[in-house]
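Please model the entire structure based on the sequences and the hints provided.
Residues per chain, in single letters:
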Amino acid sequence: VIRLGGYACLLLLFIAAAPSHAADISRDVREGRQDESIGSGGYLELGIGIEYGTLPVVGADDISLLIEVGGHYRIRRFFLDALAESYNQIQFGFNAYSGKTWSFDLLAAASERGIDSDFSDELESLNARPAGLNGGVRTTGYAGPYILQFELLRDISNTHDGFVFTSVLGRQWLVRNWNLHMLLGARYQSDKVIDYLFGVDLDEASDRFPAYEAEGGTTFVTEVGVTYPVSEDWVFRGTGRFWALPDQLADSPFITDDDYISLTATMTFVY
Amino acid sequence: LLLLSGWQLPIAADTQMTINPQRCVTLREGQPCYIRMKLSWNTSEPLTVCAYSDAEKPLACWNKSRGAVLTIEQQLLETTRFTLRSEAGDELASADVVFAWVYKSRRSRRRWRLF
Numbered sequence: 001v002i003r004l005g006g007y008a009c010l011l012l013l014f015i016a017a018a019p020s021h022a023a024d025i026s027r028d029v030r031e032g033r034q035d036e037s038i039g040s041g042g043y044l045e046l047g048i049g050i051e052y053g054t055l056p057v058v059g060a061d062d063i064s065l066l067i068e069v070g071g072h073y074r075i076r077r078f079f080l081d082a083l084a085e086s087y088n089q090i091q092f093g094f095n096a097y098s099g100k101t102w103s104f105d106l107l108a109a110a111s112e113r114g115i116d117s118d119f120s121d122e123l124e125s126l127n128a129r130p131a132g133l134n135g136g137v138r139t140t141g142y143a144g145p146y147i148l149q150f151e152l153l154r155d156i157s158n159t160h161d162g163f164v165f166t167s168v169l170g171r172q173w174l175v176r177n178w179n180l181h182m183l184l185g186a187r188y189q190s191d192k193v194i195d196y197l198f199g200v201d202l203d204e205a206s207d208r209f210p211a212y213e214a215e216g217g218t219t220f221v222t223e224v225g226v227t228y229p230v231s232e233d234w235v236f237r238g239t240g241r242f243w244a245l246p247d248q249l250a251d252s253p254f255i256t257d258d259d260y261i262s263l264t265a266t267m268t269f270v271y
Numbered sequence: 001l002l003l004l005s006g007w008q009l010p011i012a013a014d015t016q017m018t019i020n021p022q023r024c025v026t027l028r029e030g031q032p033c034y035i036r037m038k039l040s041w042n043t044s045e046p047l048t049v050c051a052y053s054d055a056e057k058p059l060a061c062w063n064k065s066r067g068a069v070l071t072i073e074q075q076l077l078e079t080t081r082f083t084l085r086s087e088a089g090d091e092l093a094s095a096d097v098v099f100a101w102v103y104k105s106r107r108s109r110r111r112w113r114l115f
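Which chain is which? The protein sequence lines are V and R, in order.
Residue 142 in the working numbering sits at position 142 of the first sequence; the count goes up by one each step and never skips.
Residue 89 in the working numbering sits at position 89 of the second sequence; the count goes up by one each step and never skips.
No wet-lab data here; the hints were simulated from the structure.
The beta-carbon is built from N, C-alpha and C at its ideal position, and this holds for glycine as well.
For each label pair, taking beta carbons as the anchor points, the in silico distance ranges come out as:
1. R:Ala-68 <-> V:Ala-96: 56 to 62 Å
2. R:Asn-20 <-> V:Val-69: 31 to 37 Å
3. R:Thr-71 <-> V:Arg-171: 31 to 37 Å
Here it is, written out as structure tokens:
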């Protein structure tokens, strides 16, 4: 509630003029606003890294090796974006409006990463929950070092038929050539999304994982990160995140806690 | 090619000036680029000279010296030329520090081959 109140106050700042561009806030807060008013262009990113996380999934590893493929490409106002750090892993969209302060996008996105036995061998007895394809809208506001983004996505692939509403506030700092950022986000996921991901259906229930029906709820995310240009082609990224999951998620048979942290370091080649 | 690489550009026959590093890389276009660099120069005869960046105010001056090493910290906004000038204002040597960034706001379509 406090975070949402802060967002409302910051809306006043967005009356001021700002530079001109927009994309997923996880990308913009590191790389700056993408200029969607110009012609075609983009870049490909290949990254390798390591992550330490206390992912509250039974049997999940604490340390993971990361291999990330991403990029951002634009043909006029259409864009394709792939970013492992974002909730929207792959997104395709159309920038309907790009003003000095606000940008408005129509989106199709493969969002939540889903849950399957890649997280933990102990989940092999459960049905995999692959990511669905969502469609929706997104608006982004820019005021100096602040970025505010609202996004409403709904399942368009008959995966869970749920919807997700996300609001995220970002702030950038430049210290010498180190780009520091912070994100404060709140994501509401409807009953159907949460139940799809964290519920246990009767057909997959067992003594180990008894049937469980989850309700919708809000996840709060706090992220701090650093991005450093090692050269014209290589970028170092360090990220720390804290997730506060909906309290009732800890009742899911394969979820062990209602919050967790992750620390990530990657080296990314930008082509 | 010498200009692009930021290497020394000898104007006076025996005056050499080098700057290291020769590139300053920032994350995106429009950001100032912080650089800590070493400017060194030498010559065969003692000279009274001053080192300049694009600004008119000298970074440092030396009186009847054959050479020196100067450590400079600057925030660059563009490719910047550093020069060594005599008392009379003649340019004896120069070197460029190239300003570059990772995420270009516009790239030609030809560079994109995978999508």
